[in-house]
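Asker: Keeping their order, the protein sequence lines are chains A and B.
Residue numbering for the first sequence follows the numbering used here, starting at 226 and increasing by one per position.
Residue numbering for the second sequence follows the numbering used here, starting at 1072 and increasing by one per position.
What the hints contain is simulated information worked out from the structure, not anything from laboratory work.
Where is the CB? At the ideal position from N, CA and C, for every residue including glycine.
There may be inaccurate statements among the hints.
Said to hold, decoys possible - Cross-link-like lysine to any residue pairs, in silico, SDA-like; alpha carbons within 20 Å at most:
no., chain 1, residue 1, chain 2, residue 2
1, A, 267, B, 1133
2, B, 1203, A, 309
3, B, 1290, B, 1191
4, B, 1326, A, 305
5, A, 267, B, 1235
6, B, 1393, A, 297
7, A, 267, B, 1412
8, A, 322, B, 1193
9, B, 1412, B, 1366
10, A, 321, B, 1191
11, B, 1290, A, 334
12, B, 1412, B, 1396
13, B, 1346, A, 265
14, B, 1203, A, 281
15, A, 267, B, 1199
16, A, 321, B, 1200
17, A, 267, B, 1326
18, B, 1311, B, 1290
19, B, 1203, A, 264
20, B, 1235, A, 283
21, B, 1227, B, 1120
22, A, 267, B, 1366
Unchecked claim - Here chain B is said to cover these stretches of chain A; the calculated rule only asks that three of the stretch's residues, wherever they fall, bring their Cβ under 8 Å from a Cβ of chain B:
no., region
23, 271 to 281
24, 284 to 298
What the hints assert, rightly or not - Derived Cβ-Cβ restraints for the label pairs, each shown as a range:
no., chain 1, residue 1, chain 2, residue 2, range
25, A, 333, B, 1239, 39 to 49 Å
26, A, 361, B, 1408, 34 to 44 Å
27, B, 1315, A, 322, 46 to 56 Å
28, A, 359, B, 1136, 38 to 48 Å
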Amino acid sequence: MAHRVDNEYDYLFKIVLIGDSGVGKSNILSRFTRNEFCLESKSTIGVEFATRTLQIEGKTIKAQIWDTAGQERYRAITSAYYRGAVGALLVYDITKKQTFENIQRWLRELRDHADSNIVIMMVGNKSDLNHLRSVPEEDGQALAEKEGLSFLETSALEALNVEKAFQTILSDIHQIISKKALAAQEAAGNGPPSQGTTINVSDSTVNTKRGCCSA
Amino acid sequence: MLGRKVVDLAELRRLACQGVPDAAGVRPVVWKQLLLGYLPTDHALWAYELEKKRSQYSAFKDELLVNPSEVTRRMEEMTISKRNGHNSEGTGVLPRAEIVHDEHPLSLGKTSVWNQHFQESEIIEQIDRDVKRTHPEMQFFNGDSSDALSNQESLKRILTIFAKLNPGIRYVQGMNEVLAPLYYVFKNDPEENNAESAEPDAFFCFVELLSGFRDNFCKQLDNSVVGIRSTICKLSQLLKRHDEELWRHLEVVTKVNPQFYAFRWITLLLTQEFKFRDCIHIWDALLGDPEGHQATLLRICCAMLILVRRRLLAGDFTANLKLLQSYPPTNIDHLLHIANKLRGPVPY
């Protein structure tokens, strides 16, 4: 169809970036999607959107990433942006303790507005500012374990671990989707597929390439 | 026109809508006049009114921008002077027991100036962060020059005073973007005396401007008829009325929820969508239009959609959202011309 310009992908995964204002969400987005970093970027109002297509475990995955404003006022408005999201990158700033302490608030926000199966990764950004660190990496690790989240420290400025963070969350999502599809197939009475069988994921909740683009 | 004894406001509005010439240096006066009459129409009263407002602002600064140590110190002084009134031989040293318990920094009392201070410091930090991120591409606002730093301090004071005087709204991210054009225009007034008072003038004009738009910043009103969702809905209706094919393609076929782009367009009065110079031209029309700021803003937003209709009609969800979130450079005169053709009652 004429209006589908870019449909060369196996899956479309919608990921939201959340966390306090000023932790570097927009720079994580621009580093991942455009390999750019801007020391003093404008504050994000409402929502910003970018995409990148990449290969995960032999599949072409189109990541649709939504960057939201950090301030409390914008949460009610941004709740619409959680719709259809299969992953969330929950970002704090390792030099600002308060942004780490607010992680619980953000988790509550996700529980209230997002799908209960959303895959969450916690990210401690600005690891290049180690001399200003106020949140030890172990504290981040401990909280992530307690909440059952995956965890990485990143530096959007030095392009450290940003790629890895997205790769991790996207491949986690992909694995869950594949398992679900498998389970669905078993439940349908087909038994476990033998090697080489094509797994039908068309009835999974995630968009496939013939699905609609707007998750 | 501005040289007349009494300014004809209707005529001034008509002219401003066509664009205020950059070179003549009249924009500061025109904006101040149009912004809901910060300047009275009678020329003879200008100096008096400005003087009054500027000293009022100065009083706000004294009253609202003191730090809590200063408040505590002043209270101590008052207590001392009271004591001295009773006992003129007082040593001037405040005995420990007489420090008002509630005003101790470690007091948990809700009314403590320190408690208020800690709540406010979160807002002040937010303002600080956003002011530093205001037009990072412009030397006027950004960089290490003393001018840029002093401009940043002015913006911070204005936003802080506004937040303290309006506890129902306080500071909402994006207000810095709305304030920036006002402050920039007034600071570049060729009349030195006015340029020096850019801060108080921008403060009062900011208050006037926001009185028409503040509901968009108010979370409690999001779902009311005056809140941002309802405003976005009006834009959608306007587009439907003027270009139903485009409306259908955007909202029904490609499912681009207007919230995803128009939220920023509307709350920031288009300040992040265009180059700064272009934004100033758009504001000439926005502030001058006799039909009201919001109706004009919605017409311009609708014209922005119509101007890129061919690309939108060929685009999918991703392409369209990207296009609208990063709007292409545009001939502003043409945009305003198209917007002007969309006049008529705003649909409900």
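Asker: Now, for every hint given, state plainly whether the structure supports it.
Answerer: These are the hints, each one checked on the structure:
Of the pairs offered as hints, the one joining residue 267/A and residue 1133/B is violated, with about 31 Å between alpha carbons and a cut-off of 20 Å exceeded. Restraint check for residue 1203/B and residue 309/A: the C-alpha separation of about 34 Å exceeds 20 Å, so the hint is violated. Between the alpha carbons of residue 1290/B and residue 1191/B the distance comes to roughly 19 Å, so the proposed pair stays at or under 20 Å and holds. Distance restraint check for residue 1326/B and residue 305/A: the Cα-Cα separation of roughly 13 Å lies within the 20 Å cut-off, and the hinted pair is therefore satisfied.
Proximity of residue 267/A to residue 1235/B is assessed by CA-CA distance (about 24 Å); at most 20 Å being required, the pair is judged violated. Restraint check for residue 1393/B and residue 297/A: the C-alpha separation of about 25 Å exceeds 20 Å, so the hint is violated. Between residue 267/A and residue 1412/B the CA atoms are separated by roughly 33 Å; this puts the pair beyond 20 Å, and the hint is violated. Restraint check for residue 322/A and residue 1193/B: satisfied, since their Cα atoms lie roughly 13 Å apart, inside the 20 Å limit.
Distance hint between residue 1412/B and residue 1366/B is fulfilled; the C-alpha atoms sit about 13 Å from each other, no more than 20 Å. At most 20 Å may separate the alpha-carbon atoms for a hinted pair to count; residue 321/A and residue 1191/B meet this at roughly 17 Å. For the hint linking residue 1290/B to residue 334/A, the alpha-carbon distance of about 16 Å falls within 20 Å, and the restraint holds. The hinted pair formed by residue 1412/B and residue 1396/B fails the criterion: a straight-line CA distance of about 24 Å is larger than 20 Å.
For a cut-off of 20 Å, the pair hint linking residue 1346/B to residue 265/A stands: about 17 Å separates their Cα positions. For the hint pairing residue 1203/B with residue 281/A, the CA-to-CA distance comes to about 38 Å; that exceeds 20 Å, so the pair is violated. At roughly 13 Å between alpha-carbon atoms, residue 267/A and residue 1199/B fall within 20 Å of each other, so this suggested pair holds. A distance of roughly 13 Å separates the Cα atoms of residue 321/A and residue 1200/B; the hinted pair therefore holds under the 20 Å criterion.
Straight-line distance between C-alpha atoms of residue 267/A and residue 1326/B comes to about 27 Å, which puts the hinted pair past the 20 Å bound. Using a Cα cut-off of 20 Å, the hinted pair residue 1311/B and residue 1290/B is violated, with the two alpha carbons roughly 27 Å apart. Taken as a hint, the residue 1203/B and residue 264/A pair is honoured in the structure, with Cα atoms around 11 Å apart against an allowance of 20 Å. At most 20 Å may separate the alpha-carbon atoms for a hinted pair to count; residue 1235/B and residue 283/A exceed this at roughly 56 Å.
A C-alpha spacing of about 24 Å is found between residue 1227/B and residue 1120/B, which places the hinted pair above 20 Å, so the restraint is violated. Of the pairs offered as hints, the one joining residue 267/A and residue 1366/B is violated, with about 27 Å between alpha carbons and a cut-off of 20 Å exceeded. Only when three residues or more bring their CB closer than 8 Å to a CB of chain B does the claim for the region 271 to 281 of chain A stand; here the count is 6, and the claim holds. With 6 residues having a beta carbon nearer than 8 Å to a beta carbon of chain B, the region 284 to 298 of chain A meets the requirement of three or more and the stated coverage holds.
Evaluation of the 39 to 49 Å hint for residue 333/A and residue 1239/B yields a failure: the beta carbon distance comes to about 25 Å. A beta carbon spacing of about 59 Å between residue 361/A and residue 1408/B contradicts the range 34 to 44 Å that was offered as a hint. Against the hinted window of 46 to 56 Å, the Cβ-Cβ separation of residue 1315/B and residue 322/A comes to about 53 Å, which satisfies the hint. Look at residue 359/A against residue 1136/B: about 28 Å separates their beta carbons, and that is not inside 38 to 48 Å.
Violation of the numbered hints given earlier is confined to hints 1, 2, 5, 6, 7, 12, 14, 17, 18, 20, 21, 22, 25, 26, 28; the remaining hints are satisfied by the structure.
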